[in-house]
Amino acid sequence: MVVAVNPAANQAQEFDWDAIARAFEQALGKDRVVRRREELLVYECDGLTSYRQRPNLAVLPRTTGEVSTAIKLCNQWNVPFVARGSGTGLSGGALPTENSVLIVTARMKQILDVDLDNHRVTVQPGVINSWVTQAVSGAGFYYSPDPSSQIICSVGGNVAENSGGVHCMKYGVTTNHVLGLKMVLPDGSIVDVGGSVQEMPGYDLTGIFVGSEGTLGIATEITLRILKSADTIRVLLADFETVEAAGAAVTGIVGAGVIPAAMEMMDNMSINAVEDVAKTDCYPRDAAAILLVELDGRESEVSVNCDRVAQICKEHGARNVTSASDPQERATLWKGRKAAFAAMGQLSPDYYVQDGVIPRTQLPWVLEEIANLGKQHGYYVANVFHAGDGNLHPLILYDNAVPGALEKVEALGGDILKLCVKAGGSISGEHGIGADKRCYMPQMFSEADLETMQQVRSAINPKGLANPTKIFPTPKTCGEAANAAKSLNIKPIDGVEQF
Amino acid sequence: MTAIAPSLSKILPETALTPWDELSPDWQQRIAPAIAPGQTPQYLIQPETEEQLAQVIRQAHAGDRNVLICGNGSKLGWGDAAERIDWVISTARLNRLIENAAGDLTLTVEAGTTLEQIQTVLEPHNLFLALDPAYPKTATIGGIIATADAGSLRHRYGGVRDLLLGIQFVRADGEIAKAGGRVVKNVAGYDLMKLFTGGYGTLGLLTQVTLRTYPIPEAFRTVLLTGEKAALEKMSLAIAQSSLSPISQDWLSSELMQSTAQGDTTALALRFGNVEASVVEQSEEVRLLGQKLGLGLSVLVGKPEEGFWADVSDRLCQRTSPIDDSETVLCKFGVMPTASEATVQLIKELSSETKVRVNGGSGLGMLRGMAADWDGEAVGRLRSHCQSHKGFLTVLEAPAGLKQQLDVWGYSGNALPVMQRIKEQFDPKKTLNPGRFVVG
Numbered sequence: 000m001v002v003a004v005n006p007a008a009n010q011a012q013e014f015d016w017d018a019i020a021r022a023f024e025q026a027l028g029k030d031r032v033v034r035r036r037e038e039l040l041v042y043e044c045d046g047l048t049s050y051r052q053r054p055n056l057a058v059l060p061r062t063t064g065e066v067s068t069a070i071k072l073c074n075q076w077n078v079p080f081v082a083r084g085s086g087t088g089l090s091g092g093a094l095p096t097e098n099s100v101l102i103v104t105a106r107m108k109q110i111l112d113v114d115l116d117n118h119r120v121t122v123q124p125g126v127i128n129s130w131v132t133q134a135v136s137g138a139g140f141y142y143s144p145d146p147s148s149q150i151i152c153s154v155g156g157n158v159a160e161n162s163g164g165v166h167c168m169k170y171g172v173t174t175n176h177v178l179g180l181k182m183v184l185p186d187g188s189i190v191d192v193g194g195s196v197q198e199m200p201g202y203d204l205t206g207i208f209v210g211s212e213g214t215l216g217i218a219t220e221i222t223l224r225i226l227k228s229a230d231t232i233r234v235l236l237a238d239f240e241t242v243e244a245a246g247a248a249v250t251g252i253v254g255a256g257v258i259p260a261a262m263e264m265m266d267n268m269s270i271n272a273v274e275d276v277a278k279t280d281c282y283p284r285d286a287a288a289i290l291l292v293e294l295d296g297r298e299s300e301v302s303v304n305c306d307r308v309a310q311i312c313k314e315h316g317a318r319n320v321t322s323a324s325d326p327q328e329r330a331t332l333w334k335g336r337k338a339a340f341a342a343m344g345q346l347s348p349d350y351y352v353q354d355g356v357i358p359r360t361q362l363p364w365v366l367e368e369i370a371n372l373g374k375q376h377g378y379y380v381a382n383v384f385h386a387g388d389g390n391l392h393p394l395i396l397y398d399n400a401v402p403g404a405l406e407k408v409e410a411l412g413g414d415i416l417k418l419c420v421k422a423g424g425s426i427s428g429e430h431g432i433g434a435d436k437r438c439y440m441p442q443m444f445s446e447a448d449l450e451t452m453q454q455v456r457s458a459i460n461p462k463g464l465a466n467p468t469k470i471f472p473t474p475k476t477c478g479e480a481a482n483a484a485k486s487l488n489i490k491p492i493d494g495v496e497q498f
Numbered sequence: 000m001t002a003i004a005p006s007l008s009k010i011l012p013e014t015a016l017t018p019w020d021e022l023s024p025d026w027q028q029r030i031a032p033a034i035a036p037g038q039t040p041q042y043l044i045q046p047e048t049e050e051q052l053a054q055v056i057r058q059a060h061a062g063d064r065n066v067l068i069c070g071n072g073s074k075l076g077w078g079d080a081a082e083r084i085d086w087v088i089s090t091a092r093l094n095r096l097i098e099n100a101a102g103d104l105t106l107t108v109e110a111g112t113t114l115e116q117i118q119t120v121l122e123p124h125n126l127f128l129a130l131d132p133a134y135p136k137t138a139t140i141g142g143i144i145a146t147a148d149a150g151s152l153r154h155r156y157g158g159v160r161d162l163l164l165g166i167q168f169v170r171a172d173g174e175i176a177k178a179g180g181r182v183v184k185n186v187a188g189y190d191l192m193k194l195f196t197g198g199y200g201t202l203g204l205l206t207q208v209t210l211r212t213y214p215i216p217e218a219f220r221t222v223l224l225t226g227e228k229a230a231l232e233k234m235s236l237a238i239a240q241s242s243l244s245p246i247s248q249d250w251l252s253s254e255l256m257q258s259t260a261q262g263d264t265t266a267l268a269l270r271f272g273n274v275e276a277s278v279v280e281q282s283e284e285v286r287l288l289g290q291k292l293g294l295g296l297s298v299l300v301g302k303p304e305e306g307f308w309a310d311v312s313d314r315l316c317q318r319t320s321p322i323d324d325s326e327t328v329l330c331k332f333g334v335m336p337t338a339s340e341a342t343v344q345l346i347k348e349l350s351s352e353t354k355v356r357v358n359g360g361s362g363l364g365m366l367r368g369m370a371a372d373w374d375g376e377a378v379g380r381l382r383s384h385c386q387s388h389k390g391f392l393t394v395l396e397a398p399a400g401l402k403q404q405l406d407v408w409g410y411s412g413n414a415l416p417v418m419q420r421i422k423e424q425f426d427p428k429k430t431l432n433p434g435r436f437v438v439g
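Keeping their order, the protein sequence lines are chains P and S. Sequential numbering from 0 applies to the first sequence in numbering that gives the first Met the number 0. Sequential numbering from 0 applies to the second sequence in numbering that gives the first Met the number 0.
Extracted from the complex, chain S is given alone in its bound form (with noise of 0.2 Å):
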């Protein structure tokens, strides 16, 4: 340890240099659910420039040091547990914006700037970025990126790829190399961005991305249906067949609408972001179809509206227990669309105390529940539902016990030798996270 340590003392500042024992609590709090039991790593690493954290990357790889990356350290409890990690590298003060070029609708930024910041730089231009993942507040774009996270917004503007133009990024071998580019088309070289996309980390650290931005609707108006389980499917599928454009189109579990004081059975929330006219008939399409159905229905505008979407997200992020302080799991799933609304049923009867959303549109969801309900039996029976309805089931957040005892990432089908074999092409030495992912 200490022979490591004026040679990285070199290259940084010293504030970007942290003994693990003059870490903060809060820091070493979020650090160790990404680490094996029993481990700690020297330092915490905050580069402030790319060249710096180039630096590092080749010092790392030069003496076989392994690292774990992060940005805020918001999701490091996802994944599995890391081995052997000797520096953890959080990209967190890379966070400059390099240029929001409004007319084009792109936007790029260093990867450890965080969404807000970034939709702060958007909103004076009327735009924003497209993404409503977990953590709002603290995450950074860099760790949206490696873990494809996106919310409910997803459904009229895609996930985390679709939004992905281009990428910097610093190899497992401290070189600095890029892809894609800083236009919203662009078909030169391989598409390096869907592989980081989802990546966790684990073929590179982003240093600078550029995405793709939109105009703030506007108008916004969301609807809830709520009432009896086939009513509400037949609603789902007249939906899907008419030429209704909401820009969220979830399914909420009962639990999860009673967190949000709207109610407390299962509801099909949709959301309507276009001109004012617009979101006005369109509500009013669906009233009538609800009506028709016999369904309950209610409408929210305004700040109401734009709490409800906020309070669905940060109830799936809450890790414990309002009550007791209890811990919780969180777990990513997908199933075929019309399996829905199925899943949300099935999720019930194994646990009715979880919060589940699903976007109707892609079938992917998220599931926060009682580690107590959440044993691997019932993780085992819904991931065999969800792969029956050709779909998969990851586990993110879980009590270290649990995840011992199960295949964390659930991925059944036959292409894994073809990802190790790009692991072993950009991270040999198995530098970057290793153990954390698909890959190893």
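The shape of chain P in the complex, shown without the other chains (with noise of 0.2 Å):
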């Protein structure tokens, strides 16, 4: 297998942290850092809160020149750093690593330039998401990618994961709109990639870059393009007695040539959950499955689809379909599918979920699959499904009070991924990688395709000291679960040990 360059993180190296903390607060001032115990504690772990590490240090920057002073400290010490954005992250991208400072752009709230004219925005990376689209709704445009915790999640972390959401089928997820960066590299050294105009000449760092989970250095300045919001957006929900019906319903409308804004499915299991918890009355609890379809576009555009989409869910045995346009209505059908995750919660005391991605038209097989496996570790899972763009969420539910009872849905959970790559998919469509997957990534990726991944990072992060042990498999981290024993291949790199 191949092995993360992760020199800072694996050497058995003592770090003075108090010399350290002083060195940061002598550069930064005392308010941009936090070093006591009690007050890292919220830095511990992002949205996956299963992975626990308290950072030694945690630094609030303001400034693209604060980023680079603190990473260039970074360099100083040879002690890793690890960036965090609003915490929301689900595959523990910012998960701190042992003896590393966080760096935290929570305060790089700024947003810096709109430019409705040209459809561009300019913010820090601690913007919220949903910030962009209140800065230029009022003139009609909107920032489209949307995760579910869009409220609350930055734009630094979207830039870092390359975040989706549900509206990703027509338009694209984060890397399809992001235009430029400011990045302080993993020296502390500052470079501008992209720019306001697209496709400059070079290598297309800005692409490589959004994605990259913190491993390529700090977005410190963004520029985003919005656009202009729908004239008329309306929702269909149409109801199925089969999965298979369902599935090939979606395959209908795609291939009418239909490209909905939004398509999501949830299946029986998911149902009946929001139903005794958010008691919508929307959703018939005896439905195999429930597609949920949402036009947008000119009105001439979206009264013609939305015939068509419900004629095609008619002829795929669709038991009743119900459609609305007015904006209280549609959030009405949406209710369920947002209360999805939270009924889950209500339902049993844990929940896990898993983020993989098919080819949509393999997903009745595959439903089955996750199923059986279900049954087979001794779990229910309840799915709930991006179905335009074969994202799958599968719900796994289970109680942390059980010991061991994480392990074992964390294997359930691989064995979900493991069918997804057999499928022809992938093992992460939005969430990331992370500090979750990487003992996962081989299953994907040979040892010659990781390899050459690394080389991205040996460009760019040649010490190793941004987000050290994050996307990729080490031994130290996933030695069983990624058959260490296999060859080691990769090409020393001086200065690096090698594991």
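These aren't lab readings, by the way, just hints derived from the structure by calculation. It is possible that part of the hints are untrue.
Cβ-to-Cβ under 7 Å is the rule here; a few derived chain S residues that face chain P [unchecked claim]:
id : residue
1  : E174
2  : V182
3  : G188
4  : G362
5  : L363
6  : N413
7  : A414
8  : R420
Even for Gly, the Cβ is constructed at its ideal location relative to N, Cα and C.
Since each chain comes alone in its own frame, lean on the hints to assemble the complex.
What follows is the structure in structure tokens.
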């Protein structure tokens, strides 16, 4: 297997944290540095709470210059650093590593420039996703990527994880909306990549930084593309007696040339969970699956497509098709879907969300296989699914108080990922690899694939100080799971130890 | 030269290896502008399988041979001339369809497949690849990706980067690797697709690619608007503020319009592709808006509509003057979208014979002009205009003499060292396309 370049993290090194903290306080001011143990507690995990590690120090810079200063100090002391935005990520991308400085961008909250004529907005990384839309909605624009945590997640975090959302099918994910970045690289130097105009000559560094999960540096200014809001939005709800029928309807809709803004599916277990908890009275409890289809655009387009989608759903055996245009009625139809995760939380003491992708035409047999895996492992699995782009979110219900339950659930989650790969898909559609899935990377990628990706990391993060141990498997983090016994095939890098 | 041939002939069928002297004049002409003047490569190598290709690259790597990479060679004139090329390697015979997953809206093909072949495969499924690049009849998908060459359709469907989902490639050391996947949403691992898009073959040779496909719109309609500069600019802003959803929105210079026989003044061309009712309704709204602003207007439907866009692309691709066969230049440039019209104007002032297309949404454009008009000074003036509007200007095709005087790429940013470090990691011996790209 391929070994991550994590010299600093892996060396059994003693750090003088008092001296380091003083150096940061001196350079950035005391109000930028958090060093008391109890204050550091809030930073010990991100949205993936099953992994915890308290950072030794957290810094809260306000400017690009301060981020650069912080990273230069990390280089001086040879101490790893981890970037964190709002801490809502679900793969442990912002999980501190042992002996690390956490660089928190939460105070970098300025919207730096709004250029409506050119459809561009430039923000600092701590700006919350939904603020971007709020800043431009008065003029009839919005920022399209909408992860479910959009009211608290930061744009910087979205950039690091290449976040998605329910509306990616038609409009794409974060990377399709980022035009340029100001980056502080892992050596503390500052570069501008991309810009206000796309396709500058040279390598598309913006494209490689987006989704690199903080392993290639920290974005301190982000230029985004905004879109004009649609005139008309209509939501259809259809319910089906079999998952196959719902899956066939999805294929039929796409096959008819309709690209909905969003297309979501929920299975019977999810339907009953939300009806138990949210009591929307929208979703029939005996349906095997429901499909929510949102169409947007000009009225002339939406009305035609809406009729078509309704027709296709009926042809594929939908029992009822309801539609709504009024914002309040639309919200009612969406309510159950939006309450799905919370509902699981009430049905079961704990739940584990998986994130995998399959080619959407493989849906029926994959869902059946997921149910079988659940039975084999002894857990219920509910499925909420971005049906348009094949992004599955199986929810595994369990009780963390039962000793060993989390490990078992993680094993089931892992089997689901392997199934996604077997179906021709991916181990992550939008949550990222982070600390959570690095051991599954060899399921999807060969040694040569991972080695090639590591070349990018070696080029930009040669000392391995930026977010070590993330994305790539290491024997230390996944000895057995990733078959560490396999050959170690990586080019030696000067001054870097191999494991 | 004779020492190498036996080892290459061991791994390649005879038909895959052509000495330079035996190469058709057509191939020689295509290759010549990509190679430093006075030099000739030993062979054109056209492997038939990925494994053959990998073995050739392994030999090149081991024997310190420099290689020039191409598909069908339609754009070998783009970029700087390469230095000391031993072998030219074409992926054109890697042209198999791997999978057309119509229901999943993805297509996987070998990199030497031409765009035309791809569209032929997709059309019966009512799908298409939403790209209208230069040289659409001969360009391979590998070459289109390597040059990030998208045309007017980028307005709705994005650039090449937005359509590329997965890649497989042969690295500079001959190892085969991949990134991404065959699904439309995927965040596992680094997005190497982005580095290969517009990387001009300097990081590896693409062998297999997965792309996102789209349904062919049910109906098309194009509206051409002409008139006073101020009124046209108002129109453009009004469109940007509206919910109109054209799939293309281009500024076309008078010279380009003239060559398509659809007018003789600068035009704003809007192409709608949607359900029939919507293209009719949207064109009507544009007509009313245009009328209010006193703009001239013509509407194209059916065959003339399709023909018009093919013409725009063809005229921009035309390499020599139709009158006297004299040489031309082709440049790609970008400006802030609101500076699009001013850029068309400036180009007209610098050379009234130049054909220009600028996408109004992205501010990305192309110009085709006479080499006699576009000397170093004119290029320099236009480049500083583009840069003052946060953009760039790259000279793609030009006579060798002009290219030697100029920085062809016009990269003005501060990230060059980062690009060079990436190149150094991927291709430390500079085996692939040495000297062709921004990174040297």
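Legend entry - Indices of hints not satisfied (ascending): none
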